[in-house]
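Just need the whole structure built from these sequences, with the hints factored in.
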Amino acid sequence: MYRIRRVYRTKPGEAGNVAKLVYAQAKIYRDSGHRSDFTVSYNGYTLPGEQNIVILEWTDDKIMSPGRQGNNIPKEAMEAG
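Here the sequence shown is numbered in the numbering used here, starting from 2 and rising by one per residue.
Careful: at least some of the hints might be erroneous.
[Stated by the list, open to error] In the DSS-like style, the derived pairs of lysine-lysine whose C-alpha atoms are separated by at most 27 Å in a straight line are: (1) K28 to K76; (2) K21 to K76; (3) K76 to K63.
[Unchecked claim] DEER-style ranges, computed between Cβ atoms: (4) K28 to G71: 18 to 26 Å; (5) E51 to N73: 33 to 41 Å; (6) K76 to Y46: 32 to 40 Å; (7) N73 to G50: 31 to 39 Å; (8) K76 to Q52: 16 to 24 Å; (9) M2 to S42: 15 to 23 Å; (10) M79 to D38: 20 to 28 Å; (11) M79 to I5: 18 to 26 Å; (12) M79 to S42: 18 to 26 Å; (13) L22 to Y46: 16 to 24 Å; (14) N73 to Q52: 31 to 39 Å.
Hints listed in this document are in silico derivations from the structure and should not be mistaken for laboratory results.
Each residue gets a CB set at the ideal place from its N, CA and C atoms; glycine is no exception.
Rendered as structure tokens:
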């Protein structure tokens with residue numbers, strides 16, 4: 002089992018907005034069966050540590066490229082962000 006993490010670095014003050022977009026897109030992937038349950042977290046100046054950062058995490062049995070042959074990326078996910 003793998004824990005997969007995507008890290009997005011944002012412009013100052015935009016972490017909350019980016020987190021909302023990442024959440025919406027990840028939910029579409031989960032609901033269409035492409036991903037397991039996930040978490041989205043961000044730091045927009047309220048916690049110690051790196052700021053202006055959004056983190057998306059989920060688990061999977063394999064690490065697979067989204068561009069792999071035969072993978073049909075949901076159209077809604079592309080439109081969401």
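Hint check:
no. : hint                   : result
1   : K28 to K76             : holds (13 Å)
2   : K21 to K76             : holds (18 Å)
3   : K76 to K63             : holds (23 Å)
4   : K28 to G71: 18 to 26 Å : holds (23 Å)
5   : E51 to N73: 33 to 41 Å : holds (35 Å)
6   : K76 to Y46: 32 to 40 Å : holds (35 Å)
7   : N73 to G50: 31 to 39 Å : holds (37 Å)
8   : K76 to Q52: 16 to 24 Å : violated (34 Å)
9   : M2 to S42: 15 to 23 Å  : holds (20 Å)
10  : M79 to D38: 20 to 28 Å : holds (21 Å)
11  : M79 to I5: 18 to 26 Å  : holds (19 Å)
12  : M79 to S42: 18 to 26 Å : holds (23 Å)
13  : L22 to Y46: 16 to 24 Å : holds (19 Å)
14  : N73 to Q52: 31 to 39 Å : holds (37 Å)
The earlier numbered hint that this structure contradicts is number 8, and it is the only one.
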